[in-house]
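Engineer: Protein chains in written order, with my numbering: chain A, 1 to 496; chain B, 1001 to 1498; chain C, 2001 to 2117; chain D, 3001 to 3506.
You can take every hint at face value.
Heads up, simulated DSSO-like pairs for lysine-lysine below, C-alpha to C-alpha not over 27 Å straight-line: (1) K2102(C) with K2033(C); (2) K162(A) with K357(A); (3) K155(A) with K3439(D); (4) K155(A) with K357(A); (5) K3360(D) with K3439(D); (6) K162(A) with K3439(D).
Since the hints were derived computationally from the structure, they do not count as laboratory data.
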Amino acid sequence: MALLALAAIGVPLAGAVLMIGPGRHSRRAAAAIVVVATAVTAGLCLLLAAHAGAAPPAGLTLIQLVPPMPIALRVDAMGALFALTVALLGVLATLHALVWLREDRRYWQYHAVLLLCMGLMLLVAFAANLITLLVGYELFSLAAFVLIVHQRSPKAFAAGFKYLAYILPASALTLIGTVLLVFHFGSIEFMPGGVLDRAIPPAAYVAWICLVLGFGVKAALFPLHGWVPDAHPAAPAPFSAVLSGVMVATGSFAMLRVLFELFGPAALGQMGVMPWLGTAAGVGVILAGVLALGEDDLKRRLAWSTISQMGYVLLAASLLDTQALAGALAHLANHAFIKGGLFFCAGAFIFSAGVHKVSELGGLAWRMPLTAVVLTVLSLALIGVPPLSGFVGKWMMGGAMAADGALLPLSVLLLGSLLAALYLWPVLAAIWSPAEDNAAVEPPARGGGDPPRLMCLALAGSALFSLLFGLAAVVTGYPLGLAVRAAAVLTGGATP
Amino acid sequence: MRALAAFADWPHLLPALFLLPLAGAALLPALLRTRPAVAWASALAVALATTMLAVLALVRLLGDGDYGYAMAGWAPPLGIELRYDRLSAITLLTGALVSLALLFARREMTGAGRRQAVLYCSLVLILLGGMNGFVITADLFNLFVFMELLSLPAYALVAMSPARGAALAALKYLLPGAVSSLLVLFGIGVLHALTGSLNMADVAVRLTPGGPSPATVLALVLISVGLLVKAALFPLHFWLPDAHSAAPGPVSALLSGLVVKMGVVGVVRMFDVFGPALGGAMQAFENLLLILGVLAILTGALAALVQHELKRMLAWSTVANIGYIFVGLGLAGSAAVSGGIAHVFYHGLTKAGLFLAAAALVERTGLHDIDDLRGLGHRMPLAATALSAGLIAVAGVPPTAGFVGKWQIALGALEAGRPELLVVVLGGALLALAYGMRVINALFFRAPVSDQVVTASEAPASMLVPSVLLVALALAGGLSGARVIEFILPFAESLGGR
Amino acid sequence: MLQALFSHIDYVAVTVLFCAGLYIMIARGNLLKKVIGLNIMETAVFAFIVTTGMIDGGDPPLLEQGLGPDFASPLPHALVLTGIVVAVSVTAVALALIVRVKREHGTIEFDELGEPR
Amino acid sequence: MGAELLDARPALALLVSATGAGLIMLIGYRARLRAWLAVGAAVLKFVIVWSMLPGVLAGQVYGLTLFEVLPGLALELRVDALGLFFALVSSTLWIPATIYALAYMRGRQGQRRFFSFFALCVATTVGIAFAENLLTLFVFYELLTVCTYPLVIHEGGLAARRAGRRYLIYTLSGGALILTGMVVVQHLAGTLSLSGTGILDSIDNHAALLAIFVLLVAGFGVKAAIMPLHSWLPAAMVAPVPVSALLHAVAVVKAGVFGLMRVVYNVFGVEHMRVLGFAGYLGLLAGFTILAASVIALRQHNLKRLLAWSTISQLSYIVLAISLLTPAATLAGIIHLANQAFAKITMFFAAGAIQRATGKTRIDELDGIGRQLPAVMASFTVAGLSFIGVPLLAGFITKWYLSLGALQAGSGGYMVVLALSGLLNAAYWLPILYRAWFKPPAGVAAAGNTSPLAGSAALSPMMLVPLLICAAYVLLLGVGAEAPAMPFVLAEAAVRLVFGLPGPAP
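One chain only, chain A, in its complex shape:
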């Protein structure tokens, strides 16, 4: 089982290395390598997801970094779920990127670093202890910088430096938090129910704050989300899809892993710190939603929407309720595909119509029918319309909040969905508006038709996934099933 995980991490890394070698010379070879690598990884992750629940999580120690700090892997339900999301979104992003980078000479560099990022994210997913997670997390942050500044434009560099200015202090904080944990509790192995058994020393509070702030930057938690709105427009479209879909999710995933498998729900309850996280997330949801309304650039609007949606996950997690946590995890996965798809649409608009602003979207649907349809489906999913995947997570979370009688989070959830509807409606209205209203808009630069086949495939894929996960939720449902099982493990400690 763990060997599969090792393979899952190894394949993208190998792909990255290959990319630097042969991939550099011919575009065709590069395309082949990247597609094969992502496909194989996706397959492995599917296998892992299927087995995740069955066997007890088996550990595998790779190397002993320094005596007390092994680099070890472990496959459990939560890890498998996140890995699956990463892999599938990776495949879609690669398809999109192949088209996006047609003229770009440094395509091999993009693919190599993307594969490297995927490998590191999988390492974070399957980390057995905090050190392995830290290693994967920090290297991934640095690699992401290279992708953000891929376009080498001054704006991209500005965004890149702002990103660095956020993540470097964050990595320092996480290190301090980790050392505090190691010193006070000896072991930093992830164990269901957490490591914190005896009395809680004051240092635990300091460690909690450090780790939450450290991971919060990447999870776009309310006060630390500054870099997200700038990074997305600067990054190339396929990467901004990965960026908002999975990278931000890595932050939340890591925070959930640490909170539930190191501190443990019991201790967290005792420490009484979770409400603070909840309020921050809640404020984040509302504020991001409101700011998204005012944003004219499509990608920035979607970036604010990501911050708002991620707020849901942390809000639900802070309730320490199994069902709420399951809903959060499911939403984490579903949101990745929805937001990924939306960014693919934005990319398509830019690629074929050269359109950035929401105001310039007038009547595009008639020229790019497929993209418009996908955009509509995904927007509805994001708002949480029942048959689509967005609804599943929110319904679970809402149900849990109602059951616990936590009215404030419930109201925030509903307000959030309303805001989502408010900032997505103008986009839909603009593209479906009748042809004659926007005759004034001069014909777009490139053809203006639907994007080439590969990009359409990526769009269709993301719409299909969100539809499938929405419907499948009712039946056996991969993401939801995994999420429920993971949540049970995290909170109850009862192995499914």
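Starting from the known structure of chain A, arrange chains B, C and D on it as the hints suggest.
Structural biologist: Frame of chain A, contents of chains B, C and D only:
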């Protein structure tokens, strides 16, 4: 060793120590006036024989401790008595080694006249005889005679160099020397008047009942001032820089290395003579020596730092090192005194080697100023390296000779509960390293400025061999410091702990 | 005070003579006068040593005349003889040097000689 | 602890490069012979030092008395875990340094003198590592100054001489301080031996102990470039690159820090030190130096001066580790000796290569250098990231253990200092990496040709190979700390030695 021991028991060993060189000195000009080469060889033979005698004396000392000899059979209180102890052993060895080196350096000295070569050898032998006698005599007046026997050839040797200022420098050396000898004689006269005897041990016994009477104090003052002028301790050192810088290389090596040390030996002898009688007052005398020593270290080191002339700088460094020796003696702890006396030995060797190397450089290029000697290290590598090694040794960098004495003195300072002296002792070492480094920097790391330097060729073997040997001996001495200190400790305890 | 003075008249005389010699050596610039001053000091010291051997009413230490119970001690005289020999040799060397200085520098006035190069 | 084994190897290690130096000075006229002598001596020394590793790991201690300089005090060599670690690091680094120097100095004047003093320096460094008592340590410490002086002023010219003079003044006065401290120690403790864990335990004369501490720390602090005594280091940048690599990464500064370790662990002893409480002030000083040096480094323009200031800050990591007096901090200090050495020497080789290939020395001239010299800049990047403390690199391990040590010592504040220093490091290393990789080379069209080989062709392989070896070693130190041949295991043995812990250190 046993064969040596057999020879060592020869009764007349002690008088031979000074009679042999004196006889040699007398016969040399008479017989070999015209053949300097043969004269030099025979002088060398005599010096070697004396060294052998010194070694034999040492062996006998190790065998059965200090021993004496009554001259011409007269029992000690009346007759002149010779007494050989560890202090005399040490200074004898230093003297023998340095004078051997001096004889080696004869060609450079008397390039001019053939006759002068012979005279030079005999003067050195007289000086050697005078020193040997001075160190082993136990009789006060005899001490005075040997001191004169020591000083006169020194004045003559200084005057011997063809340089223009040599005669004047010799005179500048002679006048204070003569006055100091007079003072010593005056003091001895007072002592004789008080006790009626001349033998040191006997005088000490007779003086004690009298306690610190004014007359005894007067005698101490007179003799010690006389000796301190000879030893060039701080206020009475004014003649040394001129005499040394004007004197030819080998001679200044002799002066700095040995003649100055005789003053030290004299003062140490006085400790034994006046110690029991004065008791408390002796403590004041030691404190005086201590303070003068400290001042000597500071002025010597600072003056050396600012000197431009190489030999004058070395002369000031001698003043500083004499200061070290007297600080050691003044502290009166066994560690400090042993350090002081060890420094006599080590400094003698090192400074002699240094002056010889410096002489090689100065005579070869004719330049006295350090800045003119820049870049000479490449043209005269051996001589320059010997000079540098000597400078580092004098500065007292650990493995070398200077370190042993300074370390013991520093420890003694702490034992005597005077940590502030530590600063002076080690500060002096740092200053010594500073002016040492200045010369080394000039020699090796600066581009030559004067043309004499560019055309200079390596020093003659006769100058090189002795200096390299002496400096090497000093370095080796530094490494076997433990032996030397252990050898001196018994004497230091007897002197310090009276 | 006077009575003590007269009882040690010899010591007083020696001290006066010694100081005179010392004064000449230091004050006079002429090298020759310095040597003369040196000799005066030497005579002062020798005089002192000889007087210390005197015993009141003691016979001269001559064996032929038969010795009384107390006789002047002959030792100082022997010392002084050697002292005189030493003093003479020192003076000889000093004078030889002065001759050479005169030849080289043309003058024996100390302050005109300046720094010997 | 095994019995004290009389063994000639410590002296042999010393003699090898000393005779090497002598031979080079005497017969090293032809470049080829000189090259063989220098490299031969370095490799031989490396073999001898490594041959002692298994023995020392098994607790064996090798001793050898050279000369009885003073009654009860001798020039004596003794190889224990801490000493062997330092010797290991310097002799391992010496081979790439020599090879690099041979390539770098080709065609320069005064090579014979340069290489003989170069080899002599390693002999004295190993001498310091194997010193049994303070006197031997001091002897080799001063010898190190004497034989690095001609290297510092090798270029000749006014600037070199002035830097040399300043270097001499600082180090010699430092030496005088140590000598004074040594005398007081000898007077109080009666011995200067470094074999025990604290020879001043039984002394309770507080004033004297404070005096000894101040004297010895100030003396060694000069070479460890602690803030008030550091200004000779940037000035010594005048020396040619292999010498500044030698000065900053391997020999001189490490000798200072190693001396501090000996003073705190062997002269005072850890418990006694904790009782006395002097170490706290040293820690504050080190913390201040870390931050101040990094801030000053921000404003540097010349690459080598930046490296110098970064060294000052990195050295104070070790001084901080020493002052915390806990097992984890000690381990961090010892390990950082190696980490900093390898990372810093890689950077100096890179700086030298850049200077040699493109003649650039200022940071703002480094645009696009990554394309011109990819290998050089890759290793510079590895070293830079290691200093920032990115995981899987050597710097991370030091930061990890130092934070742990700070917590063990109960002064968590130093963790914040470390975090801040990490950020400052990022603030001055990342712009260089950014210029190198992301900016197009000046004058070449933005989308210009990426001819990576144009620049590095000018560099001879003898320069590239050592560069890559050291960079690889930085990575190896970061990842494979557990591997048997790695210095980490020896560092743990050293910590057990210092704290007298039987089991493996945390």
